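Position chains B, C and D relative to chain A; hints supplied.
Chains as they are written, first to last, in numbering that gives the first Met the number 0: chain A, 0 to 176; chain B, 0 to 176; chain C, 0 to 176; chain D, 0 to 176.
Treat the hints as calculated values from the structure; they're not laboratory data. Given the structure is predicted, the values throughout are model-derived calculations rather than measurements. Glycine residues also receive a C-beta, built at the ideal position from the N, C-alpha and C atoms.
Label pairs and their calculated CB-CB ranges:
no.: 1; chain 1: A; residue 1: E30; chain 2: B; residue 2: R21; range: 53 to 59 Å
no.: 2; chain 1: D; residue 1: E158; chain 2: C; residue 2: E80; range: 29 to 35 Å
no.: 3; chain 1: D; residue 1: R27; chain 2: A; residue 2: E83; range: 49 to 55 Å
no.: 4; chain 1: C; residue 1: R157; chain 2: B; residue 2: R41; range: 52 to 58 Å
no.: 5; chain 1: B; residue 1: E158; chain 2: A; residue 2: Q9; range: 33 to 39 Å
no.: 6; chain 1: B; residue 1: V64; chain 2: C; residue 2: R154; range: 48 to 54 Å
Incomplete in silico selection of chain D near chain B, CB under 8 Å:
no.: 7; residue: G92
no.: 8; residue: L93
no.: 9; residue: G94
no.: 10; residue: V95
no.: 11; residue: V96
Part of the chain A face toward chain D, derived, beta carbon under 7 Å:
no.: 12; residue: V96
no.: 13; residue: H115
no.: 14; residue: G116
no.: 15; residue: S119
no.: 16; residue: G122
no.: 17; residue: L123
no.: 18; residue: L125
no.: 19; residue: R126
There are 4 protein chains.
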Amino acid sequence: MADSFRGERQPTVGVIGDGDPRGPDAHRILEWAEEVGSLLARGGASVVTGGLGGVMEAASRGAAVAGGMTIGFLPGDDPREANEYVRLPISTGLGVVRNLVVVTSADAVLAVGGRHGTLSEIGLALRMGRHVVTLGSWRVESDQRMGGPRVHRARDPREAAHLALRLAKEGPVRPSG
Amino acid sequence: MADSFRGERQPTVGVIGDGDPRGPDAHRILEWAEEVGSLLARGGASVVTGGLGGVMEAASRGAAVAGGMTIGFLPGDDPREANEYVRLPISTGLGVVRNLVVVTSADAVLAVGGRHGTLSEIGLALRMGRHVVTLGSWRVESDQRMGGPRVHRARDPREAAHLALRLAKEGPVRPSG
Amino acid sequence: MADSFRGERQPTVGVIGDGDPRGPDAHRILEWAEEVGSLLARGGASVVTGGLGGVMEAASRGAAVAGGMTIGFLPGDDPREANEYVRLPISTGLGVVRNLVVVTSADAVLAVGGRHGTLSEIGLALRMGRHVVTLGSWRVESDQRMGGPRVHRARDPREAAHLALRLAKEGPVRPSG
Amino acid sequence: MADSFRGERQPTVGVIGDGDPRGPDAHRILEWAEEVGSLLARGGASVVTGGLGGVMEAASRGAAVAGGMTIGFLPGDDPREANEYVRLPISTGLGVVRNLVVVTSADAVLAVGGRHGTLSEIGLALRMGRHVVTLGSWRVESDQRMGGPRVHRARDPREAAHLALRLAKEGPVRPSG
Numbered sequence: 000m001a002d003s004f005r006g007e008r009q010p011t012v013g014v015i016g017d018g019d020p021r022g023p024d025a026h027r028i029l030e031w032a033e034e035v036g037s038l039l040a041r042g043g044a045s046v047v048t049g050g051l052g053g054v055m056e057a058a059s060r061g062a063a064v065a066g067g068m069t070i071g072f073l074p075g076d077d078p079r080e081a082n083e084y085v086r087l088p089i090s091t092g093l094g095v096v097r098n099l100v101v102v103t104s105a106d107a108v109l110a111v112g113g114r115h116g117t118l119s120e121i122g123l124a125l126r127m128g129r130h131v132v133t134l135g136s137w138r139v140e141s142d143q144r145m146g147g148p149r150v151h152r153a154r155d156p157r158e159a160a161h162l163a164l165r166l167a168k169e170g171p172v173r174p175s176g
Numbered sequence: 000m001a002d003s004f005r006g007e008r009q010p011t012v013g014v015i016g017d018g019d020p021r022g023p024d025a026h027r028i029l030e031w032a033e034e035v036g037s038l039l040a041r042g043g044a045s046v047v048t049g050g051l052g053g054v055m056e057a058a059s060r061g062a063a064v065a066g067g068m069t070i071g072f073l074p075g076d077d078p079r080e081a082n083e084y085v086r087l088p089i090s091t092g093l094g095v096v097r098n099l100v101v102v103t104s105a106d107a108v109l110a111v112g113g114r115h116g117t118l119s120e121i122g123l124a125l126r127m128g129r130h131v132v133t134l135g136s137w138r139v140e141s142d143q144r145m146g147g148p149r150v151h152r153a154r155d156p157r158e159a160a161h162l163a164l165r166l167a168k169e170g171p172v173r174p175s176g
Numbered sequence: 000m001a002d003s004f005r006g007e008r009q010p011t012v013g014v015i016g017d018g019d020p021r022g023p024d025a026h027r028i029l030e031w032a033e034e035v036g037s038l039l040a041r042g043g044a045s046v047v048t049g050g051l052g053g054v055m056e057a058a059s060r061g062a063a064v065a066g067g068m069t070i071g072f073l074p075g076d077d078p079r080e081a082n083e084y085v086r087l088p089i090s091t092g093l094g095v096v097r098n099l100v101v102v103t104s105a106d107a108v109l110a111v112g113g114r115h116g117t118l119s120e121i122g123l124a125l126r127m128g129r130h131v132v133t134l135g136s137w138r139v140e141s142d143q144r145m146g147g148p149r150v151h152r153a154r155d156p157r158e159a160a161h162l163a164l165r166l167a168k169e170g171p172v173r174p175s176g
Numbered sequence: 000m001a002d003s004f005r006g007e008r009q010p011t012v013g014v015i016g017d018g019d020p021r022g023p024d025a026h027r028i029l030e031w032a033e034e035v036g037s038l039l040a041r042g043g044a045s046v047v048t049g050g051l052g053g054v055m056e057a058a059s060r061g062a063a064v065a066g067g068m069t070i071g072f073l074p075g076d077d078p079r080e081a082n083e084y085v086r087l088p089i090s091t092g093l094g095v096v097r098n099l100v101v102v103t104s105a106d107a108v109l110a111v112g113g114r115h116g117t118l119s120e121i122g123l124a125l126r127m128g129r130h131v132v133t134l135g136s137w138r139v140e141s142d143q144r145m146g147g148p149r150v151h152r153a154r155d156p157r158e159a160a161h162l163a164l165r166l167a168k169e170g171p172v173r174p175s176g
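One chain only, chain A, in its complex shape (with noise of 0.2 Å):
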């Protein structure tokens, strides 16, 4: 019955990063956002990001040209604060809140360089039990024991794609730690 009003449900993976990135990397960091963003949406994914700028952008606009469906979930109270690739923008009134909405609310959570936000909401992404891809980001350990969240690093925007898209499809795990 279910499935008759909600059809096939998209995976969806939550991409996070830098909102305003710089330094030599800068320029390198958003275009694998945005290329991962295309290859999500080419592979049946909705993204999800936190809707500003930087990373949350690229990626958005990645999977906005390409087709994909763009959700993003907005510190504010305005849904116009959006950039112009989110097809969805929700206005949550949460302030720095929102980030646990956008790694909860996500299958499967990728990482594209990022500072101390995004090394936050790599904790918080395994704290709920969302498996981890990280690109050119955080160097973070998985959780020993059995049956938690993986954090798997990957070397490319095609490699760091296609591994969230499989999680994705996985599914979250029991939380940990």
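The following block gives chains B, C and D in isolation, referenced to the frame of chain A:
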């Protein structure tokens, strides 16, 4: 440019109310919620709820059967918590805080019946500048000051949906206290 | 064992109201808030507020001058945002979500005046099972069902503080809707 | 004026770590947490935790036995959830979001051991501009940019407490990414 990806953005109405209505009015409240959901969908609005039972489920059912978009912001971290009429279930991990997202993500809010949780959401909606329509729900007065959000009491589902659609198209105003 | 470290735990009353009252009643509202704060402190309660101006500051001033404990849960991330009468300023980083902490951390809640933000906090307090006393504030009815939290309308600060102290000592009850 | 009510404000250190440490290091982690709590209290700091078991309880016990102030921000709505060494238990109703309050309310953060929840809190602390000291915990690098919060790895509880006290007195800095 944005429009090419976003298309025409549908107005969004948050429907709030009791997750488990009891007492002599319960049956009528659920019928109203379903009819309201149906009318909102036929009027071109997306219906946003807290994704669980009672009024949330009835409004989602009405909207989904009428072919409309239904979004459910769930308190927990598992999208399968959603009732079967939610086409886009979003697990937030926020607990009771998810109520803020239900009202802040909406262009206008419609309360059907409801107890104290609903009252807090009505107050929060007004606090976030969202116009509110009530149907068999709390009597709340608008703020006297100019420009704040308004509260309208509707007599039946038809009037409620009509008002909510109109107010959603007007969109949010300045937050009110 | 616990008691040896915690000592006798003081009852805690959350005082809520407008952060910037205006209009003809503003002066009286602030006087009431200050008197209420003073009476609560002299009655042995800690006073919890949102830590900013208006009713929050007046209630904190009344309590602090009377030698009582005042706790302020601030929306931002800097404890120096607090008014000067908050003895324990707690920066939460939660924005508007900090209102939930003000009511949930209290044994009972007292509303002095207030607009829609205050209404949402009254609803939230009842939703979390906290008894509520109102003074020149919204008229909200208790839920009909047995065992839920109660709402009392007080006529003056003395009655309000007296009721709030009594209800805080009773403590929270079953959440209500 | 403020000082007459607030007195000299004590520095506050948030102690974070596993609520249920297991494995070969569990015993040592708990001993470290207790010693750290004791040293912080004797150094004049208030100890803030999430108020539950494991590292939170051990740090609170160390601080409380040494006569220090212990604050616990609880996920649920009942202050009796707190371990017995929390002198000021604060029920937040925020669930996992309460972790943000633990780090944002602190002048500096000290991580003892910990899994992914702790990692997310370390990231969040840095994101909110709080310096972090780690003891047997995650290896996280500071941001390269000037002026951001720092991460120090301590070798033993004495060094950890000493560093945390010093950084708490320095206070928060500009948020970092």
